[in-house]
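Chemist: Next come the chains, spelled out residue by residue.
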Amino acid sequence: MEKNMLEIRHLSASFFTQKGEVKAVNDVCIEVPKGKIVGIVGESGCGKSMTVRACMGLLKYPGRVVGGEAWLDGKEILSLPEKEKCAIRGDEIAMVFQDPMTSLNPVVRVGKQVTEALRLHRNMPAAEARREAVAMFEAVGIPEAKKRLSSYPHQLSGGLRQRVMIAMAMICHPKVLIADEPTTALDVTVEAQILRLMKKLCSDGTSVLIISHNLGVIAQLCDYVYVMYAGRIVEQADTFTLFEEPLHPYTRGLLSSVSSLRRGGDKLDTIPGVVPNLLHLPAGCSFSLRCERCEEKCRECLPDLMDVGDGHKVRCHFAGRGEKA
Amino acid sequence: MSDHVLLEAVNLSKEFPLSRGKRVHAVSDVSLKVYEGETLGIVGESGCGKSTLGRLLIRLLSPTGGRLWFRGEEVTSFSDQAFSKYRRQLQLIFQDPYASLDPRMTARDIIAEPLNAYHVCPTKKATTERVLELMEAVGVPGEFLYRYPHQFSGGQRQRIGIARAIAIDPALIVCDEPVSALDVSVQNQILNLLRDLQKERGMAYLFISHDLSVVRHISDRVAVMFLGTICEIGPAKDIFEAPQHPYTRFLLDAIPQPDPRRRDEEVPLLKGEIPSPVNLPEGCLFHTRCPYATEKCRRERPVLRSEAGREVACHYRVGATLPQKNSAPEHV
Amino acid sequence: MFGKKKKLMAAGEDVRLKSQIGEAETFWDLMRRLAKENKLAVFSAVVILLFILAAIFAPFLTPYSYKDMDLLNRLSPPSGAHLLGTDEGGRDILTRMLYGSRVSLMIGVLPTLLGMILGAALGIIAGVIGGKTDAIIMRIADITLGFPSMLLAMLIMYTLGGGLMNVVLTLSLVNWASVSRIVRSEAIRLKQNEYVEAARAIGVKKRVILWRHILPNCLPTLIVLFTLNVPSSILTESSLSFLGLGIQVPDASWGLMVNMGRQFLYIAPWLSLVPSAAIMLVVLAFNFLGDGLRDVLDPHQKNQ
Amino acid sequence: MKQNIIKRLLQAVFVLLGVALLIFIMLRIVPGNPIATMMGEHADPATIERMTAEFGLDQPAIVQFARYLSGAVRGDFGTSYSLGRPVAALMRQAFGNTLKLAFLAALFAWILGITCGIIAAVKKNGLLDRLFMGLSLLGVSMPVFMVAMLLQYVFAFHLHWLPISGVDGLKSFILPAIALGWNSAGSVSRLVRSTLIEILQEDYIDTARAKGNRQMGVLLRHALRNAMLPVVTMMAIQISSLLSGAVITETIFSINGIGQLAVQAINGRDIPLLQGTALFSTAIVIIGNLLADCLYSVLDPRIRKEA
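Residue numbers (my numbering), protein chains in the order written: chain A, 1 to 325; chain B, 1 to 332; chain C, 1 to 304; chain D, 1 to 307.
Hint data in this document are derived by calculation from the structure and do not stem from the laboratory.
Just so you know, not all the hints are guaranteed correct.
[Unchecked claim] Distance condition first, Cα-Cα at most 20 Å in a straight line; then the derived DMTMM-like pairs of lysine to aspartate or glutamate:
id, chain 1, residue 1, chain 2, residue 2
1, A, K112, A, E82
2, A, K200, B, D211
3, A, K200, B, D264
4, A, K146, A, E128
5, C, K206, B, D80
6, A, K175, A, D99
7, A, K60, D, D129
8, A, K19, A, E7
9, B, K237, B, D183
10, B, K237, B, D211
11, A, K200, B, E266
12, A, K36, A, E82
13, D, K124, C, D291
14, A, K267, B, D264
15, B, K199, A, D266
16, D, K124, A, E82
17, B, K271, A, D187
18, A, K19, C, E37
19, A, K199, B, D259
20, B, K85, C, E37
21, A, K36, B, E133
22, A, K34, A, D223
Just chain A, same shape as in the assembly (with noise of 0.2 Å):
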């Protein structure tokens, strides 16, 4: 196995609310190897948007991570001091969010946003680091990228300001860059354009870790995936395989659900019944309530992670033993 860029070993978070403690992520392991990118999917609220923050340290009250680690490049991350944290944020690990309406300062010029990560971390003089926004900007497919740095945010449309959002993540060359649902704020032509431009970035060596909920993105873009359900991995393996020999329920139904939209046809295959409470998690499987093959055994004991064979693991009693479809 390469040397991993970044790797989540068994992270567990949870939210600490007067109601009680919600697990929103459990004992969670990922590793994205150099230059790949790894992807993580799963429906909202199961935990994917958590692990990234965790591991990035964005927590907010009443969050708070409560176990495991995070090493990137070889080095611990979550157990260093703030400052060392903040130094390392934006330089070697950066991070792309959903929304780019909200998540650019209103009331800043965009070009002054783009080039602060370069002044934290490389006090760089101010107009070398506005040269090195341009490239960037034109690099990420920003026309007239000179005249833009001095626009507003509201001045520019969805798939622009995610550019600059993408522009100031990578301009810093970071070794491993985040993205939490890129492109799901944005329409499926300017998707295409920004999913295109993902793929180049991989190819110049940044490993990427990409979260989403769309099936298609995922496919489309990842090399090595890992699915959530309710603050577990239950399942992950190579694209390829997860998509052709997907083993467990949870990922069967819904790939089945997607496909049978494509295919036509009146009943639509779905998952019945609702994602458990996190607040009170059924005993055993978390997927047992709505698991059509669960038996007693999965009401009781929670089944581990059981390595199927090159890299395709899965957490399910019954799905490994040679039940591949």
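Fit chains B, C and D to the given chain A structure using the hints.
Modeler: Frame of chain A; chains B, C and D shown alone:
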């Protein structure tokens, strides 16, 4: 899908005034028919005017131009009061399950509101029974009768919105992005529900969405909108399999296919940004982004011409000549 | 409005349904939640209740009348006979405080109520109807808000003359403008909500929409505004009386007592400090209660 | 943006006219002849007649209002009945004191209020937060005259640090300014805290932190710039409450400012003086609001630069 017309619009347009004399051309001369019991899908990117069109057709917004017929009777110049006898036949479902239900009312009162507005049931008890039937019909447990909206999940709230819409047996329900805010598994549950309700009660749907695969599944006919106008309208199967307008073709190619085997196909992408609806370009609205635009496109705005059941607003119907794409292979 | 505690109607008497009826969160559940989460708000509610009771039962709580003088032991410090001492006219301070609480509470509640009704009505009309009426109402509000509140109160008192009823009228005229501006922006925000558009789509008449959708959702704002405006009315009245423009002797009001006591500040400080402390306590209580209610009633809070 | 400011300017002029009309009407509907009431019982009708004519009170109301308005524009507010001197002169002298008082009070209030608000917001639900919020609630709840008297009693009477009352040099303004500013410091800190807490939840704050900004960097470069907008609007509203408070503080510390003049005018039923002081203070408030609006549109690029 019967063949007599429920609703017809001719050259319908709507402009919103902006500061300093500028105007936003939300919808510009759209003509379309909605047949009884059919599902007409309206698809397009944000800002293309699909939501505005939806509200124009049920007269929640009054048009600045064009004419509107409801079951053969012209209603363009009807006052709100005069139109109220048709209001009951036209209902609306919203995208945001959290904002479309009054947080201060219980589920019972929300669903009962249309019933009370038209005095459908004689007594309060009968109304409650009718509400319970409706809740069963949309799959919300009866014991949540007196719960407040914030005590429901997103999917359940959307079901309550649907129950409210079907309470007085409308002839047409405009669904404005009803499933866009939901996850795919819950989304499919709602789409199945809408399909079953249509089979039972025979009402027509005007299904508005930016998600092409959802529209493809649920619609009989589809209209593709761009910058306030309809660039292509026709049976769903033909539109998705053999699009003729270049914009439709680019729209279809842009969808990220959930199939890793098709990831390295270098598909031609639309360049540039979505133009602003304030100063519309001359000639064909799409010519600024269309790679095949000719001098004629820049000067003359194409009109919707119908050919073999399909209406396309493009001089050259270039979409048909682009590399033919087979539909995605099926999954397990 | 708040869901009343509902017995299940005889909807088919289905036993399964009856046993698991989800209770609607009634007004009393809200108050119970307020009590559990915010002890301070409850304590201040108790303090306000005490003041109201003291005001109502003032005559029974003290042997003296607030008017009769006893020049022999004027300016005596707090003692057995006079728990809070006597003022320059020998009148018992505790008695005057009790009668004063009657005036001050009425001054706090009545004008706020009148101001709220006028302000909320104009605010909703301006918000819902918009256009010209909105512009006219807002310009009148601008004119009223143009005055510093004390100055406006002084001017109106000048035209109307002193006395209790005039103070009440004055304070309502001073209060209404800020209330109407807040309620107007709230009405505009609510008007754009999708559930109002849904009601319009159903065909519910505008009047009904106003009563069933817009007003109940304005309620939390109105209640919070009320609890926060009462103290500001009390403060304005006490300042007016302090300047000798509000309540006139022989009536008793805390503001007046503070003013009367000012001349003897250095020999009998309690003459002014006792009523001032009382004003502060009541105002503090209303502010705490107002903050507590805002957290409980604010729908945003509810959805967390 | 220019169009925006012109609209605001017209509105301000309209409000000012409305205010002048309102004051004029209010002071005229009082029954009886002001001169007679002022001169008391013993005055003989002849002198009352002469004084009334001299002050032009026998003219029809419209003429009086027109003459008054044209005078006001030229800065001549007529002569005060009770003090016999032109109102404008009286006010110019008094305005200096009120301006000093209000400015110092505002300075005290905003510096204290903003710092407490920021600290309370950053250390949300911490000890400091509860302490500052308790203090500011106390600040908002204490009547101005109570604060003034306490300060006067403790610092002036007992400790003799500062003069009890009167005006000689800046030090006699310290106590009144604190008394006046204490109340608005409370409301400023409460507003700054709630605005800042809301802003710190925004997405662009996450972006700023993801870029590697430390807490201080996020606060200064991103949060505070956005927090300034509602605070500026608050400052405009504060002007009117500062002037209200000034009336009382000036009375207690016997500083003859506009507030003091207004109280004298009311007690002496002196219409021109009352009209002058009322018009003057409302003018200050309206101009203050106008300045705040302009500052707001300069600070917020979304308004300043039309797309």
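Chemist: A separate judgement is required for each hint: does it hold in the structure or not?
Modeler: The hints, checked one at a time:
1. A:K112 - A:E82: violated (24 Å)
2. A:K200 - B:D211: violated (26 Å)
3. A:K200 - B:D264: OK: A:K200 and B:D264 at ~12 Å, within 20 Å.
4. A:K146 - A:E128: holds (13 Å)
5. C:K206 - B:D80: This hinted pair holds, its Cα atoms lying about 11 Å apart.
6. A:K175 - A:D99: Given pair A:K175, A:D99 is violated - Cα atoms ~23 Å apart, limit 20 Å.
7. A:K60 - D:D129: Cα-Cα ~18 Å, so holds.
8. A:K19 - A:E7: violated (32 Å)
9. B:K237 - B:D183: Distance ~25 Å between B:K237 and B:D183 Cα, so the pair is violated.
10. B:K237 - B:D211: Distance of about 16 Å is within 20 Å: holds.
11. A:K200 - B:E266: Status holds; Cα separation ~13 Å.
12. A:K36 - A:E82: violated (28 Å)
13. D:K124 - C:D291: Given that 20 Å is the threshold and the Cα spacing comes to 16 Å, the pair holds.
14. A:K267 - B:D264: violated (32 Å)
15. B:K199 - A:D266: holds (11 Å)
16. D:K124 - A:E82: Given pair D:K124, A:E82 holds - Cα atoms ~19 Å apart, limit 20 Å.
17. B:K271 - A:D187: Holds: B:K271 and A:D187 sit about 13 Å apart, inside 20 Å.
18. A:K19 - C:E37: holds (12 Å)
19. A:K199 - B:D259: holds (16 Å)
20. B:K85 - C:E37: The given pair, whose Cα atoms are some 50 Å apart, is violated under the 20 Å limit.
21. A:K36 - B:E133: violated (54 Å)
22. A:K34 - A:D223: Judged against 20 Å, a Cα distance of about 12 Å means the pair holds.
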